[in-house]
Amino acid sequence: MTASDIETTPMAVKRERRKLFVDVTAYLSPIIIIVVVFVFAPLTIILFYSFLKSGIYGEIIYSFSLDNFRAIWGGGYGRVFLQSIYLAFQTNFFCILIGYPIAYFIAKYGGRWKTLLLFLVIVPSWASYLIRLYALKTIIGSKGLVNTVLINLDLISAPLDILYTPFAVMMGLVYAWLPYMILPIYAAIEGLDPSVLEAATDLGATPVRRFFRVTLPLTKGGLLAGSILVFIPTVGEWLVPQLFGGSKIMMAGSLVALKFTSVGNIPEGSSLAIMLAATLILILYLTIKWGGREAIERML
Amino acid sequence: MKQKHNIVAKLLGGLSLLIYFFLWAPVIVIIVFSFSSNKYGTSWDGFTLNWYAALFNNADVKDALIRSLVIASITVVVSTIIGTITGYGLFKLHFRGKQFLRTSILLPIVFPSVVTGSALLVFFTRFIQIPLGYPSIIIAHIVFSSPLAVFVILGRMQRFDWSWEEAAMDLGATRFRTFWRVTGPMLLPAIAASAMLIFPWSFDDFVITYFVAGIGSTTLPIYVFSQLRFGATPVINTIGTLFVLLTMVALALMYFIQKKNESI
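Chains as they are written, first to last, in this note's numbering: chain E, 1 to 300; chain X, 1 to 264.
Quick caveat, the hints were computed from the structure, so don't treat them as lab data. Misleading hints may appear alongside valid ones.
[Unchecked claim] Some chain E residues judged to face chain X by a derived CB distance under 8 angstroms, without partners named:
1) L43
2) I102
3) W113
4) T115
5) F119
6) V121
7) P233
[Stated by the list, open to error] Lysine-lysine pairs mimicking DSS-like chemistry, simulated, CA-CA at most 27 angstroms apart:
8) X/K10 x E/K19
9) E/K248 x E/K143
10) E/K114 x E/K220
11) E/K143 x X/K39
12) X/K260 x E/K114
13) E/K220 x X/K10
14) E/K108 x X/K259
15) E/K220 x E/K143
16) E/K14 x X/K98
17) X/K10 x E/K108
18) X/K92 x E/K14
19) E/K108 x E/K220
20) E/K108 x X/K260
21) E/K289 x X/K98
22) E/K114 x X/K10
23) X/K10 x X/K39
24) E/K114 x X/K62
25) E/K19 x X/K98
[What the hints assert, rightly or not] Here are some chain X residues the structure puts well away from chain E; computed CB gaps all over 10 angstroms:
26) A9
27) F22
28) S36
29) N38
30) T48
31) K62
32) L65
33) V77
34) A119
35) L121
36) W162
37) E166
38) V224
The model shown is predicted, which means the values in this text are computed figures rather than measured ones. Each residue gets a CB set at the ideal place from its N, CA and C atoms; glycine is no exception.
Isolated chain X, as found in the complex (with noise of 0.2 angstroms):
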């Protein structure tokens, strides 16, 4: 019996060794060529360090990346301030509609991005007069954003132990100071979760900041795209790495803040 076991554990192993190569061979790729001197990014010619130098004085890129920044950051900001009150509402309030809000929210996350990236493409230009560059790319990531941020929110609220908002009402708390010193803190996990994914999703959105950048709003995934289309080139392969080792270190950090939450 323990052989048996013993024999699926390794098969199940040696199948999962291969799946993790799979998923990481493309980075891995792009680590490793973002140090090689070939300078079409493709082989090892020995290690260099300037295509790094280069990205650092590539002025397009870093117009890109501000722009990305900027964009990313205002949109989490925006999205889990909605998606905090919102899942509040949802949890607390019971009303007709209800159901049908819910499932209205969902929408933008069910549907491919070209369909809610033409759609808000055609109401910028065609319906409401808003300019294409950053007030339409910052409306589109919000509100592709704010529903992911409702869910991850209201999934942990029912994980909750609400007596102690009743205890603090009780002993006298008005709403707001009780929102604001106890469900709130409370809360502050999964603003904190809700943030870490939504920060990456806006970062790395490319189909809907495409369709609503309009001329001149290059974002770093639209520069990508842009530099693609005349074949790898090693600055690219460092954008990767870093995207990277950034990924690397935020779930790091969220996964250390958590350990913390929970020795606490």
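Okay, chain E solo, but in the shape it has when bound (with noise of 0.2 angstroms):
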């Protein structure tokens, strides 16, 4: 094909845009609809709501104002806001902790038996959330196992009561969101070059600087992709704080659930949740202008 033979008179640029616009729509109108419909609206409308009052009833009262996030920033929700990305600070930061190691020991050691170890990180996160939590929330409980080992042990003569306190919250979260964590730290360190770790050895870099100095570098990607799949959905958690806190710890998301099906205010809710909306949507920019596209591409 020669240059020549390229139409450019307007009516072919013409032509093609109506082609474009007809294939955008046959294939993309389904999500389009989704997103616009089922997305766009509904937040637009608890935007709208976040600005209105409730009645004593439960009512909707039609005057705005900014009362409602003034409470947010005035009054102990904000405390409750901040103890939220507190408390996912640290779940991130333990996830790391503990990921980091099981990610690296079955890229670099499982051989063959691979696929069964990721299969063993996968099954416990694929079955029932509800049931594990639970679970686990039975085996901390102060009649559960970790207490009738230790005082079996006789190391502990009272049972600890690590319910109901930030650190068993912690641990819920820690436990829920481990998982995915875990492989996309794995999948960065199953992608290094071994030649460029072989590089580092021959020109004299101790296994402990390698690490520090290359492996850790090239898998930032696979620490930021697994920070955002943990970070972003712990902030607005609601079933591990009501089931490891009580009333005594609550997370945002506690916050939003509690004013919509126990008290039943749907402007404070709906400004809630729109806070909560927002300060994700900031920290996930925010995490992209840090750990730049690469990492986001990468997850996706």
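Since each chain comes alone in its own frame, lean on the hints to assemble the complex.
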């Protein structure tokens, strides 16, 4: 094909455009409908409700104000938001601390058992989230397995009160989200070019130095992808704080759920949901800015 | 040098073993206590199969199970169809606003379930009148599942050999025929993978379903939640055990299908 064969007349350009429009409509209209009707529209509606007020019987009072948002910053809700972010940070940190060694072990020493070892990481995470969390709760509870064993070994005299502390909530969060950290890190380590590691050794790097100067920086993408997968859902978690924190430890997600399901105050619930969504979008934006597009692309 | 290598491997192996124990301990507890005759399901009082008998005779469980299966099946079919055509469109077409669309598709995956659930609840009850129950639950599940399917399929498409499709077109196949005979079959593993991912997500989803289910539409996770309020029961342990077994079977199946595809 020569350059003159490519039609550049206005007619042809117009035809091209129309064809593209038809194609986009044909392939993408279902997802566009889903995104516009069932994602953007509901968000816009709760944004609208977040400026309203609720009457004593849960009816909506149509008077616009920023009161709900002021209450989040002024009242105890702001502290709950900060605590959620802090807990999510802690969770993320421990997931990396625990997840990196196991991912490294599977990738480097897994040999022909690799698939099985990965399988053993994934299976628990696909078996009823709710029931597993409840089982973990019973294990660390005052009459649970952990306390029974420790008492029988005479290591402690009275059962430890692990439940309903920030530590218990964090433990539940780590338990629920750990596999989502292990898998991207594993993929990153697996994708390392062995010749780079050999070069480092040949140039005289000790194994420790090689790990910190070569392996870790090269697997940053996996760490970042895992952190997005763990951190973001953790901030908005509801079930884990509900089960492991009771009424003592609340997270941002619990506040939203409380306002909608128990209290029935739609305006306040909406403002909390909007705040939560905005916080997460901001965090995601900063992560992408800081970590580069590559980590996100890898995740997708 | 070799010696050092071994120590690191052993150390990491030991650590990994502990982590595996952490991940599996609750699952093992569920399985063991589902066979224990202790009626609170919290200690070992001897072997019994009574709880399984109780499970299969429980009409509420049966109702909830059927409801969850119906919802998950419809969600899988609709989401993978939407995911396939969307993935294809996003891969093949270049247009203004594509990056924005891709980012928007990510939103339902990124947002916490409480945000998606509450926004959809307000939308369904206050804005458009969609009855709470099957319609609202299925729509909600499709909303969070289709994006997953899109990205699984899109990811697979990036590693494709597209010359097959071009060859089919060059040999005179129509676009539809090309898709049906060439592109579709090539996409089959990706479609299967996304279905295998979405089914458990939909089947196991609690939070979003809890928001939009309304009264009387109890899915299996909601049934489990309502039972857990009164403490653990052995019947819940049997449900958990069956979950684990089904997951293992599904994963094993997926593994063998993949193996078979590779050998062909």
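Each hint, compared with the structure:
no.	hint	in the structure
1	L43	holds (6 angstroms)
2	I102	holds (4 angstroms)
3	W113	violated (11 angstroms)
4	T115	holds (7 angstroms)
5	F119	holds (6 angstroms)
6	V121	holds (7 angstroms)
7	P233	holds (6 angstroms)
8	X/K10 x E/K19	violated (61 angstroms)
9	E/K248 x E/K143	holds (20 angstroms)
10	E/K114 x E/K220	holds (22 angstroms)
11	E/K143 x X/K39	holds (16 angstroms)
12	X/K260 x E/K114	holds (18 angstroms)
13	E/K220 x X/K10	holds (25 angstroms)
14	E/K108 x X/K259	holds (22 angstroms)
15	E/K220 x E/K143	violated (42 angstroms)
16	E/K14 x X/K98	holds (20 angstroms)
17	X/K10 x E/K108	holds (12 angstroms)
18	X/K92 x E/K14	holds (19 angstroms)
19	E/K108 x E/K220	holds (17 angstroms)
20	E/K108 x X/K260	holds (26 angstroms)
21	E/K289 x X/K98	holds (20 angstroms)
22	E/K114 x X/K10	holds (16 angstroms)
23	X/K10 x X/K39	violated (42 angstroms)
24	E/K114 x X/K62	violated (38 angstroms)
25	E/K19 x X/K98	holds (16 angstroms)
26	A9	violated (5 angstroms)
27	F22	violated (7 angstroms)
28	S36	holds (13 angstroms)
29	N38	holds (12 angstroms)
30	T48	holds (19 angstroms)
31	K62	holds (17 angstroms)
32	L65	holds (12 angstroms)
33	V77	holds (13 angstroms)
34	A119	violated (4 angstroms)
35	L121	violated (7 angstroms)
36	W162	holds (16 angstroms)
37	E166	holds (15 angstroms)
38	V224	violated (5 angstroms)
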